[in-house]
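J.: From first to last, the protein sequence lines are chains A and B. So in my numbering, spot 90 of the first sequence is number 90, and the numbers just go up one at a time. So in my numbering, spot 44 of the second sequence is number 44, and the numbers just go up one at a time.
Don't read these hints as lab results, they were simulated from the structure. Just so you know, these numbers come straight off a predicted model, no measurement behind them. Where a beta carbon is used, it is the ideal one built from N, C-alpha and C, also for glycine. Please note: incorrect hints may appear among the correct ones.
Label pairs and their computed distance ranges (CB to CB) [as the list claims (entries may be wrong)]: (1) Ala16(A) <-> Ser51(B): 31 to 37 Å; (2) Ala1(A) <-> Asn77(B): 36 to 42 Å; (3) Ile114(A) <-> Trp95(B): 31 to 37 Å; (4) Arg67(B) <-> Ala1(A): 25 to 31 Å.
Derived list of chain A stretches under chain B, where covered just means 3 residues or more per stretch with a C-beta under 8 Å from a C-beta of chain B [stated by the list, open to error]: (5) 43-53; (6) 106-114.
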Amino acid sequence: AQTVTQSQPEMSVQEAETVTLSCTYDTSESDYYLFWYKQPPSRQMILVIRQEAYKQQNATENRFSVNFQKAAKSFSLKISDSQLGDAAMYFCAYRRRSGGGADGLTFGKGTHLIIQP
Amino acid sequence: KAGVTQTPRYLIKTRGQQVTLSCSPISGHRSVSWYQQTPGQGLQFLFEYFSETQRNKGNFPGRFSGRQFSNSRSEMNVSTLELGDSALYLCASSWGQGTGELFFGEGSRLTVL
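This is chain B alone, in the form it adopts within the complex (with noise of 0.2 Å):
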């Protein structure tokens, strides 16, 4: 059974630019949620999304928004790139929302210069 899978997994852009990370979950899993890991904040929460609805938020601002597909594929963007938003983004899927367990991909690592 193959895992969480994110493209692409290295990216570099430059400030000002948008980017697009694309997440495929677990085959059967209906939940895909976001985190930003960064040597300095750590890891923080997106958003996630259920049956192509957004359920949950985190504390980030409009610049990064989500979607998820009919085939539960998820996709993140994050326009008008700062310095700020270089980190590592990692996708996890489970098979329904609230079900506790979630499983990462690799992690797609951005750099913003």
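In isolation and in its complexed conformation, chain A is listed as follows (with noise of 0.2 Å):
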């Protein structure tokens, strides 16, 4: 079965300073999608970034990027001037692609991340 890994249960940051925060995964699969989401207080969960196992280059959306190292099974995400409404809730998500469709989302169990005004 997959498991992801987030290590870090709760960061904290100054506005406007970078944050990385950290996810793992173990799986034998070779084809599988990588998500971050961000649930804010309010409770609705948000994509924030998504990558496909077979792209080597790493996902960026505006401030947000991630380190995704296949070999190591790593998939870190990188938030840059870090803003107040950045304050969440980030969950490291995995997806299974399988005969033309896939599984559902395999979460870690969270990261808690605070910015400091």
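Take the two lone chains and join them into the complex the hints point to.
T.: Pasting the structure below:
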């Protein structure tokens, strides 16, 4: 079974600084997706960024970028120029592709990101 | 474009009762999946429906069931409620099965007394 590990239950960063959230996963598959989701206190889960395993290039979305190390099974999220609105729970998630479809998401336990003004 | 809509947002039940939660996906999305979120277990996959058929199922007992209608709306049902079923139930939709990106609703908060 696939597992996703987020080793940092909580992280704190000063506004405008850069923070990196860690995620490792365990799988024997070669074709899968990786995601970072953000869940603010309002609870709606929002997709931050996605990465397809076959793509070597790291995904980037504005201030958010990932460092995808497939061999090491590592998928960290870097948030640049942190803003107060970035405060939330961040979940790393894995989804195996199979037979034209995909399995359900496997989530990590989450990292609570605090932004200090 | 309306997002994923879940109803009811909050509900309280007692042990032994059953509950039905509803999810309306984003217009045009044909895949709906359900997740349970608890402080102890985190986020866990329940099941996924595509074209009215269950395509994937997580490791939950048979008390948890679901269905999808021809308009892609989905319902999940939990029978014989237990205290441990208290959770936030999240619904997510995507336009196709296995397309990767899921869009989540705000969830239904179930409390079992």
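J.: Any of the earlier hints contradicted here, and which numbers?
T.: 1 and 2
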